[in-house]
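Order-wise, the sequence lines are chains A and B.
If you read the first sequence in this note's numbering, its first letter stands for residue 1, the second for the next number, and so on.
If you read the second sequence in this note's numbering, its first letter stands for residue 1001, the second for the next number, and so on.
Derived from the structure by calculation, the hints contain no laboratory data.
All values derive from a computational prediction rather than experimental measurement.
It is possible that part of the hints are untrue.
Stated by the list, open to error - Some chain A residues flagged as far from chain B (calculated, every beta-carbon gap over 12 Å):
1) Ala22
2) Ser47
3) Pro68
Unchecked claim - Straight line, CA to CA, 25 Å or less: simulated DMTMM-like cross-link-like pairs of lysine to aspartate or glutamate:
4) A:Lys72 - B:Asp1047
5) A:Lys82 - B:Asp1148
6) B:Lys1149 - A:Glu114
7) A:Lys33 - B:Glu1166
8) A:Lys76 - B:Glu1120
9) B:Lys1149 - A:Glu31
10) A:Lys77 - B:Glu1068
11) B:Lys1164 - A:Asp219
12) B:Lys1164 - A:Glu31
13) A:Lys41 - B:Asp1169
14) A:Lys76 - B:Asp1148
15) A:Lys72 - B:Glu1048
16) A:Lys77 - B:Asp1169
17) A:Lys74 - B:Asp1180
18) A:Lys41 - B:Glu1120
Said to hold, decoys possible - Quick list of simulated restraints, FRET-style, between CB atoms:
19) A:Ser47 - B:Gly1106: 50 to 60 Å
20) A:Ser231 - B:Pro1204: 27 to 37 Å
21) A:Ala227 - B:Lys1101: 57 to 67 Å
22) B:Asp1059 - A:Gly152: 49 to 59 Å
For each residue, glycine too, the CB sits at the ideal point set by N, CA and C.
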Amino acid sequence: MGGLIRCLLLAAVLCTEPTWAAQDILVPAGEFKMPAKLNQKNLKVASFYIDSHPVTNAEFLEFVRQNPEWRKSKVKKLFADKSYLNYWVSDLKFGDKVMAASPVVRVSWFAAREYCAWKGQRLPSTNEWEYVALRPINNETEIKTLILEWYGRGAEWPLSNVNKSSPNNLGVHDMHGLIWEWVEDFNTSLVTGESRADGGLDKDLFCGAGASGAADPADYAAFMRFAFRSSLQAKYTVQNLGFRCAKNR
Amino acid sequence: MKSFKVSSIIAMAACVAVVSQAGAKEDHHQHHAAPAAKKAETAPLSDESIYNLNSVLLDAEGKTIKLEKLRGKPVVISMAYTSCAYTCPMILAQMQQVEKKLAEMGKKDVRFVLVSFDPEKDTPEVLKAYAKKRNLSSQWDLLTAKSDKVPREIASVLGIKYSKVEGGDYDHSYIITVLDAEGVPSGRQVGASGDPKDLIKFIP
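So here's chain B without its partners, still in its complex pose:
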C-alpha cells in the first residue's frame, strides 16, 4: 500500500514535470518561433521521409496542403474512407486509443492523420462532418485529394494495398504507421489485433 502511494506520487510528480516542461517548451518556442521554424523547414528532408512525396492533398477546410506540412511532430497515420462500415471505424478507434494513452502520459504533440481512399465521395465537407460526428480532437487531420492518383501514392509509401469493389466499398490493408517528426516511418501495426502500447513505443 505504502509503496503504491509512493510510486503514484512519483508518477504524478513526473506527469507534472512533463506537463510543465512541455509548457516551458511551448513558451520558449513562441518566443523564438520564427527562426526555429525556418531552420526546421529549410533543413533537407531525410531520404526515407514520406514528406518527399509532392502529393497535393485537401484538408477538411478544402485547403490544399502537402504532407510536408505535418513535419515537426510525430504522426500516427493510416488510410480510410468515411462510408466504410467495418474496418475503418476500427482503425480510427485504435488511433483514438493511442491518442488517449498518450494524453494520459501527458504527450499531446502527436498528430493523427487519416487519408481517404475515396476522393470522389470524401469531399472536404464530408470529412468535416465526419470529424465532428466522430468527435475528433484538434490533433487530427482528415485529408482527401482531387484525384485517385494521390491516395495511390500515399498508399504506396505506407505499404497499404487497396481496391475499389462493387457497391462503392474499398478493400484495403489494415496498417497504421508511426512517423517520426521528419516523416520517416518508425514502426507500424499490421492487422486489426494490436495494443496501442505497441504503437506508442514507436513514437519518439
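Only chain A is shown next, with the shape it has when bound in the complex:
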C-alpha cells in the first residue's frame, strides 16, 4: 500500500514537474587549456556542480515573485540598466506561454547572482564555464560547427526552448547555440589596457586580426566570448545574455 502511494506520488511529481527543470550535473575535477590564449598553461578546475541548462523565464518568474525588489518596476538602477527584462509584458508576466521554457535574458550580473544565491547556488567562474564548454557534443567536429554556425547566424528572437539541442558528454545542454551567459568573474578580462598594469593583463589574449597562429577554429569563438565579457558592466542587460548557476561540491 505504502509502495503504491509512493508510486502515485512519484507519478504525480513526474507529471507536474516541468520537463525543463534544471539538474545539477557533477563536473569532475580536471585540467584544461583556456582557448584563445597564447602561452597556454594547464588550468586546474576542482569538481563542482553546474545546471544542466540556462535559467528559464518560468524559473526567473518564480524568483521575482518571491523577491519583489528584482521585479522590473522595482529594481534599483545600480543593479540593472533600463532594459532589464524589457521583453516581459509586466512585472510578473513574461508574455507568451511558449517563452516559459526559453532562457531568461536581459538580466544583469547582479540579478543573475541574486537568483543563484536564492537557489543556494552561485554563478560559475570563467574557468569553470569554459571548462564545461569544451566538452564535446557527440563528437568534436560537431561542437565547432555548431559554435561557428551559431556565431555567424546573428540574433534570433524569440529564443527557442532550453534542452532542445543535444547535451555535451556530461549531460549539459545549451553551452553553445542559444545564448551567452554571465560568469561570476566576467570583469576579469581587460582587452584594452588602461594603465601599465592593465597592459599586461591580456597581452596573451590574441586579437582576431593577429590570430594567424590559431590552430583551432574554436579559438575564434572563445575569443569572441572574451571580447564580449570584457565589454560588459555588471548592470548591463543584453538581448541574448542569460545565465546558469553552479555549486561547490
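Put chain B on the given structure of chain A with help from the hints.
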C-alpha cells in the same frame, strides 16, 4: 604686487571663514547629533547609490562593516592590494594628493577608501600595518573581506576589472571614483595620468 597681497588676504580670509564655518557646523552637529544622524540614516538611499550593496566588509580593526557606514560624507574610493609593487602605490599617492589639496582648501570632511582585491593575504592586521607604514590619516579606511565574492561586487559597481595572475599579483584597472555623500558616483579618473584637481571638481 599689491593685487597679489590683496588677493592672498582675501584667500586667507576665505580660508578662515571656511574653517570657522566648518567648526560651527561641527558644534551644531554635536548638539543635535542624534536626530540629525537618525534622519540621514532612515532616508531611503538613491537608486544609484553604491551603498545599496549589502556586501559585508572588514575594517583594519577586524570589525565587520557595510559600505553604507560611509554615508554622510563624500568619498574618494578605489581598489588595491597591499603586496602590489607598481600601480597601487600610485593610486594611493594620487588619493593622498587629493587629500592634501583638499586640506589646503580647508576641506577635511572627505573620506578616502581602498578596498582590497586580495582578501586572502590582506587581513585586517596587514591593512593596519600598511596604513601605519603609508602614514594614512584618520580620513582613511582600508577595507577587506572574508571572501573573494565581496571585492568582485565592489569592483562591479566601480567598473573596475581585475584578475589574479601568477605569483599572487593582480592585474587591475586604474580607476579612482568620487562618491557624493549618498554614495552616488559623481565622477572618476580612469588611467594613471590625472590631476588631483580634476577629481576634486567632482567632490560636492
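Given pair status - B:Asp1148, A:Lys82, alpha carbons within 25 Å: 28 Å, violated
With a cut-off of 25 Å on the C-alpha distance, tell me whether A:Lys72 and B:Glu1048 pass. This hinted pair holds, its Cα atoms lying about 15 Å apart.
Does A:Glu31 sit within 25 Å of B:Lys1164, going by the straight-line distance between their CA atoms? 18 Å, holds
Minimum C-beta separation from A:Ala22 to chain B exceeding 12 Å: can you confirm that? 22 Å, holds
Quick one, are A:Lys41 and B:Asp1169 close enough, alpha carbons at most 25 Å? 17 Å, holds
B:Pro1204 and A:Ser231 - C-beta distance against the hinted 27 to 37 Å: 31 Å, holds
If you draw a straight line from the CA of B:Lys1164 to the CA of A:Asp219, is it 25 Å or shorter? With Cα atoms ~22 Å apart, B:Lys1164 and A:Asp219 stay inside 25 Å; holds.
Has the given pair, B:Lys1149 with A:Glu31, been kept, meaning a C-alpha gap of at most 25 Å? 23 Å, holds
Taking 25 Å as the top limit, are the C-alpha atoms of A:Lys72 and B:Asp1047 close enough? 13 Å, holds
A:Lys77 paired with B:Glu1068 [C-alpha distance capped at 25 Å]: Given pair A:Lys77, B:Glu1068 holds - Cα atoms ~17 Å apart, limit 25 Å.
Run the distance test for A:Lys76 versus B:Asp1148: straight-line Cα separation, threshold 25 Å. Roughly 24 Å between the alpha carbons, so the hint for A:Lys76 and B:Asp1148 holds.
How does the Cβ-Cβ distance of A:Ser47 and B:Gly1106 compare with 50 to 60 Å: does it lie in that range? Holds, at about 59 Å.
Checked against the numbered hints given earlier, this structure breaks hints 5, 8, 16 and 21; the rest are met.
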